[in-house]
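All chains, full assembly: derive it from the sequences and hints.
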Amino acid sequence: MDTRKLYANLKSLGTVETADEYSNMFGYGGSTIRSQWAKDTSPDLSAWVRLWFSLNSIADDTEGVIKTTHNSERDAYLQGLEELHVIQSKIWKHIAALAT
Numbered sequence: 001m002d003t004r005k006l007y008a009n010l011k012s013l014g015t016v017e018t019a020d021e022y023s024n025m026f027g028y029g030g031s032t033i034r035s036q037w038a039k040d041t042s043p044d045l046s047a048w049v050r051l052w053f054s055l056n057s058i059a060d061d062t063e064g065v066i067k068t069t070h071n072s073e074r075d076a077y078l079q080g081l082e083e084l085h086v087i088q089s090k091i092w093k094h095i096a097a098l099a100t
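With our numbering, letter number 85 in the sequence shown gets 85, and the count goes up by one each step, no holes.
In short, the hints are calculated from the structure, not lab data. Quick caveat: nothing in here was measured; it's all calculated off a predicted structure. Where is the CB? At the ideal position from N, CA and C, for every residue including glycine. Fair warning: there could be bad hints in the mix.
[Stated by the list, open to error] Pairs of lysine-lysine, PhoX-like flavour, derived with a Cα cap of 20 Å:
hint : residue 1 : residue 2
1    : Lys39     : Lys5
2    : Lys93     : Lys5
3    : Lys90     : Lys5
4    : Lys11     : Lys90
[Said to hold, decoys possible] Restraint ranges, calculated between C-beta atoms of paired labels, are given here:
hint : residue 1 : residue 2 : range
5    : Ser42     : Lys67     : 31 to 39 Å
6    : Glu82     : Arg4      : 16 to 24 Å
7    : Lys67     : Asp40     : 39 to 47 Å
8    : Lys11     : Leu78     : 14 to 22 Å
9    : Lys67     : Trp37     : 32 to 40 Å
10   : Glu82     : Trp37     : 24 to 32 Å
11   : Ser31     : His85     : 25 to 33 Å
12   : Ser31     : Thr69     : 29 to 37 Å
13   : Asp75     : Trp37     : 30 to 38 Å
Written as structure tokens, this is what we have:
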């Protein structure tokens, strides 16, 4: 899985703002993901699992916001949540492939 494309997708959803924040979602220090990009390497299996759980927490928080948000904003949150679930599904498939 291409971590640069994934970062761009998550950034467009407003899930992350910086590469350091993205790196932290993998359980890494701030500059680790940028270092991996420079070396053309990928996170290990445990880091992908940590990312999946980070996104799961964000999805749970978003579901909570949806329950309390005004109707005019709800559709945007629902669309973003749906996109986040698609990303999570792709990450889980990547995790399963790495694990086998």
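Now for the hints, and whether the structure bears them out:
A hinted pair counts as satisfied when its Cα atoms are at most 20 Å apart, and Lys39 with Lys5 qualifies at roughly 16 Å. A distance of roughly 16 Å separates the Cα atoms of Lys93 and Lys5; the hinted pair therefore holds under the 20 Å criterion. At roughly 12 Å between alpha-carbon atoms, Lys90 and Lys5 fall within 20 Å of each other, so this suggested pair holds. Note on Lys11 and Lys90: the hinted pairing holds, with a Cα-Cα distance of about 17 Å set against a maximum of 20 Å.
With their beta carbons about 36 Å apart, Ser42 and Lys67 fall inside the hinted range of 31 to 39 Å. Distance hint check: the CB atoms of Glu82 and Arg4 are about 23 Å apart, consistent with the given range 16 to 24 Å. Remark: the range hint 39 to 47 Å for Lys67 to Asp40 is upheld by a beta-carbon distance near 42 Å. For the pair Lys11 and Leu78, the beta carbons lie near 20 Å from each other, so the given range of 14 to 22 Å is met.
Separated by about 37 Å at the C-beta atoms, Lys67 and Trp37 satisfy the suggested range of 32 to 40 Å. Against the hinted window of 24 to 32 Å, the Cβ-Cβ separation of Glu82 and Trp37 comes to about 28 Å, which satisfies the hint. Distance hint for Ser31 and His85: a CB-CB separation of about 29 Å, consistent with the stated range 25 to 33 Å. Range check, Ser31 to Thr69: Cβ separation about 35 Å, and the 29 to 37 Å hint holds.
Checking the proposed 30 to 38 Å range against Asp75 and Trp37 shows it holds: the Cβ atoms sit about 34 Å from each other.
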